[in-house]
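J.: Listed in order, the protein sequences are those of chains L and E.
If you read the first sequence in my numbering, its first letter stands for residue 1, the second for the next number, and so on.
If you read the second sequence in my numbering, its first letter stands for residue 1001, the second for the next number, and so on.
Honestly, the hints are just simulated from the structure, not real lab data.
Ideal Cβ positions, reconstructed from N, Cα and C, are used throughout, including at glycine.
Check before you lean on any hint, since a few could be wrong.
Stretches of chain L that chain E covers, calculated by requiring three or more beta carbons in the stretch to come under 8 angstroms of a beta carbon on chain E [as the list claims (entries may be wrong)]:
no. : segment
1   : 32 to 40
2   : 49 to 58
3   : 69 to 78
4   : 81 to 87
5   : 92 to 105
Listed here are the chains, written in short residue letters.
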Amino acid sequence: MRDYNFFESCQKRKGFHINIKSPIFLGFVVILLILAASGAAVVQNTVVKAELADTREELAALQTSPEYQEMIELQNRISALTEYDQYASMALEKIETGKRILNTGFLRKLSGVIPSTAALQSANFTSANAAFSFQVPDRETAAELIHDLDHSGLFLQTTLVSVTSTGDGGGFTASINCTIKAGEPQ
Amino acid sequence: MNAFLKMSGRDRNLLILLLTVVVFYLCYTFVITPCMTETRMLQAELQSAKDELARAEALSGKEDEMKEQEAAMKKEIVEKYAAFLTDVKQSRLLYKVDILAVGAGLPISSYVPANAAVSHVTVETGFYVPEDYPLENLAFEINPELPKGSSDGEESGSRVSAPDGSGDMLPGTDVSIGFGTTPYESVYQFIAEVEKMNKTAFLKSINLTGSGGTVQGQLVFSFYSLPRFDPNQKDGLDFNPAIPPGKPNPFQ
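Can you build the whole structure from these sequences, using the hints too?
T.: Structure representation (structure tokens):
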């Protein structure tokens, strides 16, 4: 393979000989490249810094304007309204749940399932449970009462606590505990 | 320079190689790496600042749109939560309850309000935990058409409430309303009147005893209010004291 010396005319003119294969030349080139890379990194850094400073300045100018401040306040109010809506909605949903449990509809349905010969003596309701004391003429009516309450759709569970004679020949007292169905967690 | 020229070619080469390595190390460690790290950081900051600027510029042109959005949201919220009381002041509640009780013919014998407090809405709920009843399971395996869940179970209770730290806390109060012997219809009617208000009030518990169609007992209602942001918002529980105040002898 033949070697070409492209710098021959220069070298001849200046009397200066450069051997591009010499380690000195190659080392010099490598060092130059490293320095150039370093310089490029510094320049790039400076350019980005300047651009960032300009952008921040522009942003600061915009942010300090009264129009922008008003817009931010407006945006904050909208965010507050959104949050207000969210929490109020959660609370309203729970209140509506509470309204659906013990209400006139519940009392009306309860009245509708009690056998005509049975009469309530006492009733304690919470939104979770109900405890009844009925006066019934006989145990058969108590059985029907339990059956009717059980199938009323109002209660998850109906438990007969006791059926006791009133002792005066006036019939029996049936105590019943129920778990209200509307209180069933969804 | 003379010393360099006097060196053997091999030594010169080694020296140049060493010099190159040293320059590379110094530039890489003290110039290139710190610069590149800082530049990456600055570029991220620049991107963030540009995004913020773009958002700010976009926001600047939307003033009318945002004002309309705010007005629409306010209107929607006021309508959506019209059921809420605007406050749970005892005077207003007592006044309203009294009107409803008189209308329903309920002879209220005691009115005991609890202290108003800011809290989550709590609704006591019951639940049913079926027992694992082997014989029923076996019967069901034998005849799949048998109704499931016919065995007795345990009864328990819990409260539905929001987890701590959530923001759905409202000012609320419980009011216990006791009444003497009265027809059951009056109690029913009173509950119906409260329901008709269609406000954030619900029946928490009922305690009735009676015979022959009349009852006595106690109702407990929970009332909740939503802090209003519109001062003109009304909840329908208007209370305007009408009795003229002031007298010379307070015991007369």
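J.: What hint numbers does the structure not satisfy?
T.: none
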